[in-house]
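Protein sequence lines correspond, in order, to chains A and B.
Numbered per numbering that gives the first Met the number 0, the first sequence spans residues 0 to 399.
Numbered per numbering that gives the first Met the number 0, the second sequence spans residues 0 to 399.
One or more of the hints may lead you astray.
Which copy is meant is left open, because identical chains are indistinguishable; a pair holds if it fits in one copy or across any two.
Below, computed lysine-lysine pairings styled on BS3-like, alpha-carbon distance capped at 30 Å [stated by the list, open to error]:
#1 Lys204 to Lys128
#2 Lys288 to Lys328
#3 Lys57 to Lys355
#4 Lys199 to Lys61
#5 Lys265 to Lys21
#6 Lys88 to Lys251
#7 Lys376 to Lys22
#8 Lys57 to Lys333
Think of the hints as simulated: they come from the structure by calculation, not from any bench.
Predicted model, so just to flag it, every value in this text is computed and none were measured.
Protein chains: 2
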Amino acid sequence: MINKTITAPKGFLAAGLYCGIKKSGKNDLALMYCPAGAVSAAMFTTNKVVSSAVTVCKEHTKTAKTYAVIVNSGNANTCTGTRGLAAAKAMCGKTAQMLALKPQQVLLASTGIIGHQLPIDKITTGIEKASAKLSDSAAAGLAFAKGIMTTDIRCKQACKTVKIGGKTITLAGTVKGAGMVGPNMATTIGIFTTDAAISKTLLQKALSLAIGQSLNRLTVDGHQSTNDTAILLASGQAGNKPITKNDAAFKKFAQALIELCTDLAKQMALDAEGATRMFTVVINGANTKEQALIAARAVANYDLVKCAIHGGDPNWGRIICAVGSSGVKLNGDKLTCSIGGITVFRNGQPVNFDPKKVSRIIRQKEHTIVVNLGAGKHSDFCYGCDLSREYVTINADYHT
Amino acid sequence: MINKTITAPKGFLAAGLYCGIKKSGKNDLALMYCPAGAVSAAMFTTNKVVSSAVTVCKEHTKTAKTYAVIVNSGNANTCTGTRGLAAAKAMCGKTAQMLALKPQQVLLASTGIIGHQLPIDKITTGIEKASAKLSDSAAAGLAFAKGIMTTDIRCKQACKTVKIGGKTITLAGTVKGAGMVGPNMATTIGIFTTDAAISKTLLQKALSLAIGQSLNRLTVDGHQSTNDTAILLASGQAGNKPITKNDAAFKKFAQALIELCTDLAKQMALDAEGATRMFTVVINGANTKEQALIAARAVANYDLVKCAIHGGDPNWGRIICAVGSSGVKLNGDKLTCSIGGITVFRNGQPVNFDPKKVSRIIRQKEHTIVVNLGAGKHSDFCYGCDLSREYVTINADYHT
Numbered sequence: 000m001i002n003k004t005i006t007a008p009k010g011f012l013a014a015g016l017y018c019g020i021k022k023s024g025k026n027d028l029a030l031m032y033c034p035a036g037a038v039s040a041a042m043f044t045t046n047k048v049v050s051s052a053v054t055v056c057k058e059h060t061k062t063a064k065t066y067a068v069i070v071n072s073g074n075a076n077t078c079t080g081t082r083g084l085a086a087a088k089a090m091c092g093k094t095a096q097m098l099a100l101k102p103q104q105v106l107l108a109s110t111g112i113i114g115h116q117l118p119i120d121k122i123t124t125g126i127e128k129a130s131a132k133l134s135d136s137a138a139a140g141l142a143f144a145k146g147i148m149t150t151d152i153r154c155k156q157a158c159k160t161v162k163i164g165g166k167t168i169t170l171a172g173t174v175k176g177a178g179m180v181g182p183n184m185a186t187t188i189g190i191f192t193t194d195a196a197i198s199k200t201l202l203q204k205a206l207s208l209a210i211g212q213s214l215n216r217l218t219v220d221g222h223q224s225t226n227d228t229a230i231l232l233a234s235g236q237a238g239n240k241p242i243t244k245n246d247a248a249f250k251k252f253a254q255a256l257i258e259l260c261t262d263l264a265k266q267m268a269l270d271a272e273g274a275t276r277m278f279t280v281v282i283n284g285a286n287t288k289e290q291a292l293i294a295a296r297a298v299a300n301y302d303l304v305k306c307a308i309h310g311g312d313p314n315w316g317r318i319i320c321a322v323g324s325s326g327v328k329l330n331g332d333k334l335t336c337s338i339g340g341i342t343v344f345r346n347g348q349p350v351n352f353d354p355k356k357v358s359r360i361i362r363q364k365e366h367t368i369v370v371n372l373g374a375g376k377h378s379d380f381c382y383g384c385d386l387s388r389e390y391v392t393i394n395a396d397y398h399t
Numbered sequence: 000m001i002n003k004t005i006t007a008p009k010g011f012l013a014a015g016l017y018c019g020i021k022k023s024g025k026n027d028l029a030l031m032y033c034p035a036g037a038v039s040a041a042m043f044t045t046n047k048v049v050s051s052a053v054t055v056c057k058e059h060t061k062t063a064k065t066y067a068v069i070v071n072s073g074n075a076n077t078c079t080g081t082r083g084l085a086a087a088k089a090m091c092g093k094t095a096q097m098l099a100l101k102p103q104q105v106l107l108a109s110t111g112i113i114g115h116q117l118p119i120d121k122i123t124t125g126i127e128k129a130s131a132k133l134s135d136s137a138a139a140g141l142a143f144a145k146g147i148m149t150t151d152i153r154c155k156q157a158c159k160t161v162k163i164g165g166k167t168i169t170l171a172g173t174v175k176g177a178g179m180v181g182p183n184m185a186t187t188i189g190i191f192t193t194d195a196a197i198s199k200t201l202l203q204k205a206l207s208l209a210i211g212q213s214l215n216r217l218t219v220d221g222h223q224s225t226n227d228t229a230i231l232l233a234s235g236q237a238g239n240k241p242i243t244k245n246d247a248a249f250k251k252f253a254q255a256l257i258e259l260c261t262d263l264a265k266q267m268a269l270d271a272e273g274a275t276r277m278f279t280v281v282i283n284g285a286n287t288k289e290q291a292l293i294a295a296r297a298v299a300n301y302d303l304v305k306c307a308i309h310g311g312d313p314n315w316g317r318i319i320c321a322v323g324s325s326g327v328k329l330n331g332d333k334l335t336c337s338i339g340g341i342t343v344f345r346n347g348q349p350v351n352f353d354p355k356k357v358s359r360i361i362r363q364k365e366h367t368i369v370v371n372l373g374a375g376k377h378s379d380f381c382y383g384c385d386l387s388r389e390y391v392t393i394n395a396d397y398h399t
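From just these sequences and the hints, can you work out the full model?
See below:
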């Protein structure tokens, strides 16, 4: 089996197991270890209420070299006060103890229900067991990926190689996030690895670029989590000449990371809570790029559009309503909309089209909605998914 | 039977019937007539895409006296281009013809699906029939109220009397709106009548105040419709000394209108698409009143909160997450939340509470969530409803 997990890039070991948090008995703890150390980059939620894991992880990313990442699922460690902060520190402390590191050389993330104290004893015992299971095998990478999942049905992983200066660089990642997914950072937890040799500054730049073009363009329910954390570690073991400038080598690396993250963003859209299909919203003719993104997100977040897509219903009026209520500048006499390449509304006038044909397009796994605002020359895009009865079922019954 | 419909105030006749728009065969046309004329006030959607009915109605509200209001349901006459504009004008023209008025003395509203041309022939025939059925009976008022409904299950009506200067003034109203309900104007169509004698300026002031405190505080799905229209007509036949100043008499009238509209807003929340219960979100401790309203709306619009309430689940972490992601100023060490009077989170720390007891409170017809941001002294509130599988069913299958 070719390893396509986060242990595919050189220099990374992983483990994942059940430590006792989840009622389901599924993996709820994930440990990654980079024995020779790695340069790190990270991005976090901008929610004003954050997990203690986010508070501690932010502090630890300032360290020059990172050696381990510890993640638990099933409990967000958010709104847990001083006890929660102590628990987050204890997670890093225990990991550091097991791997002979300093606590600040360990990054962490938590995901799950908000407002419950972390069962720290179960987690520390779990960290002991995970430390003993660390491996660079695909099975270990998969166990890690499973360990970060919450309501996800499928395990979302991606791996990619790119040749830079004659050397093959590998990038890999796993994300979780099925609900409470909205910009900005459309992922609750994303862990990425690469064996590229690259400076910390450029690694951060590449991550910001890639997340901006991919996971930040995805919205499931427009809800920004309190725990969003993306971590990218670069072990530097691919043997490439270190990337230290914003040059062609950097651009190639960044492009590969964008593609990796886009792959993962689409996997997330299709595995969103209750989702049966995904769609891309492209806004053209905006008077600024920001306005294009605002309009795209408004459409992708509009429950009535999401319901119509779930029903395979070419109800384009809701798309136009969403655009209109987003507050962006538009020219009603030029406003145009197409679904899957079929124009349904042109220059402010409805167009005759075959609703059955458009319905078939909508019912595909993926389709694209294009709206031209007729107000300028700027474009942007966003990914979304349908809203189903299953989303309600999952989220009405998550707690009790 | 005491008349509690929009024909209860003196001077109003109404009719409602099926003219052929709705597949269901239910009433889809509503006509109101005030033979002696009425002073009018109106409020409209601020969506940048509006129905042709809104465009024409806005123009006609400038007329000093209004004599009739014509409303159709089942078709929004939105995104219908020049043909739609002509149809809206034809609705007023036909009504004016039947009642010997000028078209600009007729107000109008449309509600229903976006992007389909209005079947104007059916509507003009319907207007002829409705003109012949006009009556001040409660049955006529009810037929009118039914004529403005779309996916509403219950007919939403309210009536109220208030003594001003020894005279009894009657106020009545009917609203529709089950989905695509969000600020600002949280009603697709609202038609209000009163027999008060009041100046046009103060009537508009009272309507703005009342809608601001009631329907604009309601959100079902946060979706601002393209057709929102609230019309208030005052026939002046109650015999009161005309209200022409912002004095005690005006305040009494405005307060009665606020109470009437609040009653209707709560009826709307409980009859929202798929809703089984409603809730009030109160935000205290905000640093401005605007911030309090932003936070309140964020909670009421948060699908995960709405799903939790549907499931009777005391998942207060989602409430805090919604507040945090709304971007308002908050003090994490003072942040406090209660559900139905039971504190679940105090000063940034979770509190032990009986989840079964809180679940019972949530499962009631109405409950109140209070969040203190700890950032100031300002408060505001908002109404919301739960999100159910039924909402998805209704909106996935509405078109086809």
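Handout entry: Broken hints, by number
Key = Hints 1, 3, 6, 7 are the ones this structure does not satisfy, whereas the remaining hints hold.
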